[in-house]
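**Q** Given next are the chains, with one letter for each unit.
There are 2 protein chains.
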Amino acid sequence: GAAPAVAQAQQQIRWRLASSFPKSLETVYGASEAFAKYVSDATGGKFVISVHPAGELVPAFGVVDAVQQGTIDCAHTAPYYFFGKDETFALDCTIPFGMTSRAMSAWMYEGNGMKLMREFYAQFNIVNFPCGNTGTQMGGWYRKEIKSVKDFEGLKMRIGGFGGRVLAKLGVVPQNIPAGEIYQALEKGTIDAAEWIGPYDDLRLGLHKVAKNYYFPAWWEGSTQFSLYINDKQWKGLSAEYKSIIEQASRAAHVTCQARYDGRNPAALKQLIAEGTKLSRFPKDFMDSAFKASREVYAELNEKNANWKKIYADYSRYLSDQVRWEAVAEGNYSQYLAAQKL
Amino acid sequence: GAAPAVAQAQQQIRWRLASSFPKSLETVYGASEAFAKYVSDATGGKFVISVHPAGELVPAFGVVDAVQQGTIDCAHTAPYYFFGKDETFALDCTIPFGMTSRAMSAWMYEGNGMKLMREFYAQFNIVNFPCGNTGTQMGGWYRKEIKSVKDFEGLKMRIGGFGGRVLAKLGVVPQNIPAGEIYQALEKGTIDAAEWIGPYDDLRLGLHKVAKNYYFPAWWEGSTQFSLYINDKQWKGLSAEYKSIIEQASRAAHVTCQARYDGRNPAALKQLIAEGTKLSRFPKDFMDSAFKASREVYAELNEKNANWKKIYADYSRYLSDQVRWEAVAEGNYSQYLAAQKL
Numbered sequence: 004g005a006a007p008a009v010a011q012a013q014q015q016i017r018w019r020l021a022s023s024f025p026k027s028l029e030t031v032y033g034a035s036e037a038f039a040k041y042v043s044d045a046t047g048g049k050f051v052i053s054v055h056p057a058g059e060l061v062p063a064f065g066v067v068d069a070v071q072q073g074t075i076d077c078a079h080t081a082p083y084y085f086f087g088k089d090e091t092f093a094l095d096c097t098i099p100f101g102m103t104s105r106a107m108s109a110w111m112y113e114g115n116g117m118k119l120m121r122e123f124y125a126q127f128n129i130v131n132f133p134c135g136n137t138g139t140q141m142g143g144w145y146r147k148e149i150k151s152v153k154d155f156e157g158l159k160m161r162i163g164g165f166g167g168r169v170l171a172k173l174g175v176v177p178q179n180i181p182a183g184e185i186y187q188a189l190e191k192g193t194i195d196a197a198e199w200i201g202p203y204d205d206l207r208l209g210l211h212k213v214a215k216n217y218y219f220p221a222w223w224e225g226s227t228q229f230s231l232y233i234n235d236k237q238w239k240g241l242s243a244e245y246k247s248i249i250e251q252a253s254r255a256a257h258v259t260c261q262a263r264y265d266g267r268n269p270a271a272l273k274q275l276i277a278e279g280t281k282l283s284r285f286p287k288d289f290m291d292s293a294f295k296a297s298r299e300v301y302a303e304l305n306e307k308n309a310n311w312k313k314i315y316a317d318y319s320r321y322l323s324d325q326v327r328w329e330a331v332a333e334g335n336y337s338q339y340l341a342a343q344k345l
Numbered sequence: 004g005a006a007p008a009v010a011q012a013q014q015q016i017r018w019r020l021a022s023s024f025p026k027s028l029e030t031v032y033g034a035s036e037a038f039a040k041y042v043s044d045a046t047g048g049k050f051v052i053s054v055h056p057a058g059e060l061v062p063a064f065g066v067v068d069a070v071q072q073g074t075i076d077c078a079h080t081a082p083y084y085f086f087g088k089d090e091t092f093a094l095d096c097t098i099p100f101g102m103t104s105r106a107m108s109a110w111m112y113e114g115n116g117m118k119l120m121r122e123f124y125a126q127f128n129i130v131n132f133p134c135g136n137t138g139t140q141m142g143g144w145y146r147k148e149i150k151s152v153k154d155f156e157g158l159k160m161r162i163g164g165f166g167g168r169v170l171a172k173l174g175v176v177p178q179n180i181p182a183g184e185i186y187q188a189l190e191k192g193t194i195d196a197a198e199w200i201g202p203y204d205d206l207r208l209g210l211h212k213v214a215k216n217y218y219f220p221a222w223w224e225g226s227t228q229f230s231l232y233i234n235d236k237q238w239k240g241l242s243a244e245y246k247s248i249i250e251q252a253s254r255a256a257h258v259t260c261q262a263r264y265d266g267r268n269p270a271a272l273k274q275l276i277a278e279g280t281k282l283s284r285f286p287k288d289f290m291d292s293a294f295k296a297s298r299e300v301y302a303e304l305n306e307k308n309a310n311w312k313k314i315y316a317d318y319s320r321y322l323s324d325q326v327r328w329e330a331v332a333e334g335n336y337s338q339y340l341a342a343q344k345l
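Just so you know, the protein sequences line up as chains A and B, in that order.
In this text, residue positions in the first sequence follow this note's numbering: the first is 4, and each later residue adds one.
In this text, residue positions in the second sequence follow this note's numbering: the first is 4, and each later residue adds one.
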């Protein structure tokens, strides 16, 4: 039952959130907007977070520095963009042959993932929250057909994050180009191939108009987790209620984002195929060479990077358990369904 | 930046939540506790929801009547328990050869699922919120080995929800028994087999001690969504802020619950095997016979039940699109990973 209302004081707060993504991507950019709306709604408009697309406050790849320095309060990004600062960022996002979406959420929320990443991010004055995932991505758009791993030698390819480091071992020349500039680079032939996300987002960028061959799966993005970064001083200044609301709004946006990708990709894939896209599976020798190259990269990193070594040890143990279990009930069920006429 | 604090009035509210599950299941019962904690934390303890295990306020299968009549404010349950009232309940939970976890969330949050189910629930004075999922379940525990579909003839089996109606077409005698009573029934031989959820929950019930043969996958629970039911008058009485907090807390608990299942199942499966469980895939002729029987059941329901027919039409179209897309990037990726040494 309801008791009489009690007067309560909660601060009015205005924060600015810098996204690493353009407004046109209702999926990932939409996740940051959903997050901000949830916070505002839960506080009756007292805690307002304005969301700004890449480039408006800071460049797409400048959000870590900006949150660290406190020039912005928070950011929404794909952490692997910052693997050049430290490869460990990628473990909060995706690594080649890494976690699927559900495995990643389990590691973050129920395993050691959140604890380990928070320790790592402390040096950047960042408090992190998972905030969206794409699921397994598509392997991108290629001007020429790919018949074997040899076709990657000398290929100039837009690829985000640290998949490029593995692809470089196979002769690829990787390029990290923000979303807004991929179409032109592929159209002009400055690059031979470009991977972005999946059917819905790729369709928004129009990549099928400048390269017809669409491959799967992106072994470098078995699922890509987006992260919300909050400046640690701003975080510490919040009341317990506001902290709880931020935490829950980020979890709500996390599930909303994955649902949006899953909901929108099927129709987009149909449209891409109707508009002339040629859909193919990557050749097995490419998958196998990449898997082997990824093991080499991880062995090198374990030697060189103590942050990486510590967190990767936990990540890879967890992944192995997840994959073994997923292959039992879930994997068998999905494969059975896929073979039926539905 | 922060502005001066503003006095605000929010009601003090106490609600009672009746779970259909025992306290011992930290996974699904834990989801309702997580939900209640999120609401309390976000409101500084002003909106308190006390969580009660099955039988404490009302029996496990009495929660719909209790919410409908307003004798309790809210409940947490598996909607398919109520398919005897109307088969349409199951579409908010799971049906044989139905949605996987991510597909179900996409249908509810981004497709027409929520809208359609809300229309249906209105006749029961219920406002529903997805609140947890198990992922694909295991096919249960069998005192004798299962070699073909023929071994199901005359089998007395504990099975929740409406998988039993399909199994009945294959000669099974289905029994709906609450969690707390399964162990004894299987031990005594009152039943020959029992399915519950998956490794972690099954281990808690100790089912492997009374039946050694453990099969997968539960084609009748490709994923099982739990639902939060709120009495519609109680819901309408909430402020906009409290409504938003409930909505977000349910989404947060939704992702927390699936992460908990995914996080805990792998070690539980290892333990079950170490303790003598014999893990096997269901025979293909059983899967195929069940798939065919499920189509017959759905055709019959489409003739008999207008609520079902309307919502199932949307559900099955959505499922077909989800399965086609899932088999492209996600399915190929997961299968490749499962074949590697990780």
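Among these hints, one or two may not hold up.
No copy is singled out in the list; a pair is fine if it fits within one copy or between any two copies.
Derived lysine to aspartate or glutamate pairs resembling EDC-like cross-links, with alpha carbons at most 16 Å apart [stated by the list, open to error]:
no. : residue 1 : residue 2
1   : Lys344    : Glu299
2   : Lys49     : Glu244
3   : Lys344    : Asp291
4   : Lys40     : Glu250
If you are wondering where the hints come from, they were derived from the structure by calculation, not from laboratory data.
**Q** Hints first: check each against the structure and report whether it holds.
**A** Checked hints:
no., hint, in the structure
1, Lys344 to Glu299, "between (42 Å within a copy, 14 Å between copies)"
2, Lys49 to Glu244, "both (12 Å within a copy, 11 Å between copies)"
3, Lys344 to Asp291, "between (31 Å within a copy, 12 Å between copies)"
4, Lys40 to Glu250, "both (14 Å within a copy, 12 Å between copies)"
Hint violations for this structure: none, all hints satisfied.
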